[in-house]
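In the order they appear, the protein sequences are chains A and B.
Read in order, the letters of the first sequence correspond to residues 159 to 244 in this note's numbering.
Read in order, the letters of the second sequence correspond to residues 7 to 291 in this note's numbering.
Because the hints were derived from the structure by calculation, they are not lab data.
Where hints are given, some of them may not hold.
Said to hold, decoys possible - If you anchor each label on the Cβ, the simulated ranges turn out as follows: (1) A:Ser189 / B:Pro225: 49 to 59 Å; (2) A:Asn161 / B:Phe38: 52 to 62 Å; (3) B:Thr29 / A:Ser198: 20 to 30 Å; (4) A:Glu233 / B:Ser269: 38 to 48 Å; (5) A:Ser183 / B:Asp121: 21 to 31 Å; (6) A:Thr215 / B:Pro60: 22 to 32 Å; (7) A:Leu210 / B:Leu273: 45 to 55 Å; (8) B:Glu284 / A:Glu219: 39 to 49 Å.
To be verified - Straight line, CA to CA, 25 Å or less: simulated DSS-like cross-link-like pairs of lysine-lysine: (9) B:Lys75 / A:Lys235; (10) A:Lys193 / B:Lys75; (11) B:Lys83 / A:Lys193; (12) B:Lys286 / A:Lys235; (13) A:Lys176 / A:Lys214.
Stated by the list, open to error - Residues from chain B that keep clear of chain A, each with C-beta distances beyond 12 Å, as calculated: (14) Ser133; (15) Lys156; (16) Glu162; (17) Ala275.
Where a beta carbon is used, it is the ideal one built from N, C-alpha and C, also for glycine.
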Amino acid sequence: MTNFDDSVLLATVEDAIKASSKSDSLSEGLSMSSKLGDPSEWDSLSFVSVFLAVGKTYAVELDDDDAIHFRSIGEIKELLLEILEG
Amino acid sequence: MPTVSGAPKRFSFVASTGRTATTFIAKYLDSFDDITALHEGTAEAKKVGGGQLPEINVENRLAYTSLAKARGIVSEKRSSDDLRSAVDPSFSGHLIDVAYYNATIAHALLETHQDASMVGIIRECGSFVRSATTMRGEDPLPVGWPSRSKDLSDRERFISMGRIKPRRGSQDNDHWADYNAIRRNIWLWRETNLCLAEAQRAFPDRVTLIRFEHIRSDPQKFWGALGEGLRLSQALSPPGSAQKQGINKKPFDYQVPPLEQWSAQDLDALNEATQAIEKKVKFYD
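Build the full structure now, drawing on both the sequences and the hints.
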């Protein structure tokens, strides 16, 4: 998908983590190389928020089996490309 | 295991379905000076210099799907470097990880760490199912599958995402949506313990399987077998009463009804699962 906008994904994940951790900002910025635990607010509690937020933003139906792809921004993008281009 | 400075001399692990006193077992083992015992990859901060093993949660379900995937998870999260990083640089004793997820990666762990030994703890099925989940309210210890209709907290859902479920194409997968919490947890019990049985089949000299019930009925045997299976440098005695504080009791009674109230179908599933495990497993005598 040549027009995948990384910034939308990063914003979605960041907003979900902030909402879940009730923070206005994260301990470090998110990038395409970020992964679970990095920033520290991306933890087991915000994991589900990120999962749901991505599903909503991209209007895709995610199964809990897809959770394995939510350990890093890169993996999330790969999954989305597979679903959206599939 | 390489004998470089800061590397644990030995690595062992304990695997089970959960609800088998693993938190307490880790705490008790960690009380020995020559042992660093982690519970689900995490140690008490006071003993370990800030290290812990990389977290395994959603990976647990992936590891269950195939040995190849399990090998991938071990390579990614339980390499020799990972073990080294989990202990204080000055520690050169015995590293033990006590965790439910070790069941799905047991074979791969034993393959990768050729000096490692494993103890599997098997609880009686009915007793496990009753303790594994709550039907109402947030489950503080979400080990098993909740009922289909229960609303889950984010924490419960996250843990649920890593819990094993039937492989695609299996008969249990076809019926999964119809299974109640009892059937789902009977399945969970069976499949987790089949992983332990498989590890014992593949590595009979390095795997010891013990009955959880012996922790009360024959504590000398239970702790002796645990120590032997982990290949501790000295025999393990039952902990004293002062050490038994802090066992993970659920804050409320079991919400899954007693067996007398189970349906005939659920009881049949229980008996089938029990027989399947008893046939495959060689328990410590």
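Starting from the hint list further up, note which numbers the structure goes against and sort them upward. As far as the earlier hints go, 5, 7, 12, 16 are violated by this structure, in ascending order.
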